[in-house]
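Enquirer: So you can see what is in the structure, the chains are spelled out below.
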Amino acid sequence: MTHSTGDNPPVRFEGMGPGPWRFDAFDLVAITALINLVQIAHDAFYLAVVLVASVCAGLWRRVRRSGWFWIALAAIWTPRLVFYWEHNEDHVYLGIYWCLAIGLAMLGGSAPDILARNARWLIGLAFAWACIWKCTSPDFVGGSLFHYKLLFDFRFREGITMPLAGLASEMAAANVAAIRELRDAGSGLSHVSLQFPVAVSWLAQVMTWWTLFIEGILAILFIFPTMRLSQRFRDVSLLFFALTTYLIVPVLGFGCLFMSLGIAQCDPGRMSMRWAYFVTSLVLMATLNVF
Amino acid sequence: MPLNWQIRSFLVPTILMLVAGHHLYQNRVQGRSAWGAGGGFGMFSTVDYHGSRYFRCYLTTDHGTFPAELRGEFADQSLKARALPNSRNLLELANQVMDAPWTLSLDVVSTESLSLEQPATPTPVAIRRQDSISSPLAVKGVQLEMWTIELDASGRQVRTWPGPKVELGTIDQPHRVATDGNVAAGDEPAGETDIVKPATLDVGGSS
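As you go down the protein sequences, you meet chains A and B in turn.
When the count follows the working numbering, it moves up by one through the first sequence with no breaks and lands on 291 for the last residue.
When the count follows the working numbering, it moves up by one through the second sequence with no breaks and lands on 498 for the last residue.
Since the hints were derived computationally from the structure, they do not count as laboratory data.
Since this is a predicted model, take the numbers as computed values, not measurements.
A portion of the hints provided could be inaccurate.
Straight-line distance between alpha carbons at most 16 Å, and here's what the computed EDC-like set of lysine to aspartate or glutamate pairs gives [claimed, not checked]:
(1) A:Lys-149 x B:Asp-443
(2) A:Lys-149 x B:Asp-463
(3) B:Lys-431 x B:Asp-390
(4) B:Lys-431 x B:Glu-364
(5) B:Lys-431 x B:Asp-463
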């Protein structure tokens, strides 16, 4: 990891495009970060804030490159994270951390370097914590979690379980009815039986170990970015994870956010990879009918 | 005054570590939901989270004890209590249940077995009173139990387990959990019990 200080001359973001249309890597970061804020603005107030911020950032280059602009966005969201924490999922926290990181990076010299360092830490730590939770959860390691998701989460059930594992629609309906009966008011049931083909169990095992593998690899590659393996594979790994995960589980907030972080942490000279991240974020939005 | 590069580089990752660590601590000590709701990054790690947790609630009235339908009701406090089921959050939800208008439903019935030996008999379910025509229930006491589920893949079963619970007001027939996990109510002579809050709580304390 390179260590630059605030005394170093400022490093410019890589730029491309002609004349007035010229933009740079930071513009891609800003666009994807603002798109992510739209995803996490769940009420009219925050949606209005994001829309005003997006218009200002789009019209005025100085605004979007101002550290205080991004810090203000993080500050506006902070009361919601503190006082209404139960309404905010993990990607909301990560999105606001990212706004704060952008703001701090843009407050002084060496902005691209500090932005990249923050992005790598945020990606690496998010995956490291995800691995810690999963490795210490008997539900996850034993495959129960993916059995549950494959049978009861309609995104998994209709996208994977029914076409790939041969879960019949009658079985799916019976399972949903059984768990509803378990949770009925006044129900005295202690358990209900499930129906599923054995292929569901195989699929759950594969998904369990694949998830641990890919998330563990991503945590290592981004927390230790100077490893030769990391320099070669971290971008490809993150793109592969995003496409194989968020096309199935449409958590667009996480998907776009990881793409924004990915753009920011790319090594200098890898503008094509930055574009790959940006295009992937557009693909994720397109498949989820955001446009 | 420009901030030094260490603060600009490491402040945000440090905040992430502190928030996630606090979430993990509350999960272990107070049963806080592992995913969603808290910035711990425990998404997709366990079947037991606020989305799968649910409540079994019983209202004590002048006409007997009835199960109450809580699904879709008290959404904000219900979410908070399922995400962090400490005594404060559960008692706040129980208070909201106590203060709300209830009536008995003619359409929704429960088939809860009142004891392990007796066959199941239909029991009316209390629902939130939405009109001025139905007869209101005078609620004297509330028993609120949070239940969690687990999936036994090899046994092909979903099992449910009682979590923390609170009782508020006067309880005629305490609902207790039998050894096999079935809820048993009134299977011994029901002495009228006056419960003073805070009532029983199996997990954690107030935050």
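Enquirer: Can the restraint linking A:Lys-149 and B:Asp-443 be considered satisfied, given a maximum Cα separation of 16 Å?
Expert: holds, 13 Å
Enquirer: Checking one constraint from the list: CA of B:Lys-431 to CA of B:Asp-463, max 16 Å. Satisfied?
Expert: holds, 9 Å
Enquirer: Going straight from one Cα to the other, do B:Lys-431 and B:Glu-364 come out at no more than 16 Å?
Expert: violated, 19 Å
Enquirer: Within a Cα-Cα threshold of 16 Å, do B:Lys-431 and B:Asp-390 meet the stated pairing?
Expert: Given pair B:Lys-431, B:Asp-390 holds - Cα atoms ~10 Å apart, limit 16 Å.
Enquirer: Hinted pair, alpha-carbon criterion (16 Å max): A:Lys-149, B:Asp-463. Please report holds or violated.
Expert: violated, 40 Å
The structure fails hints 2 and 4 (numbered hints given earlier, in ascending order).
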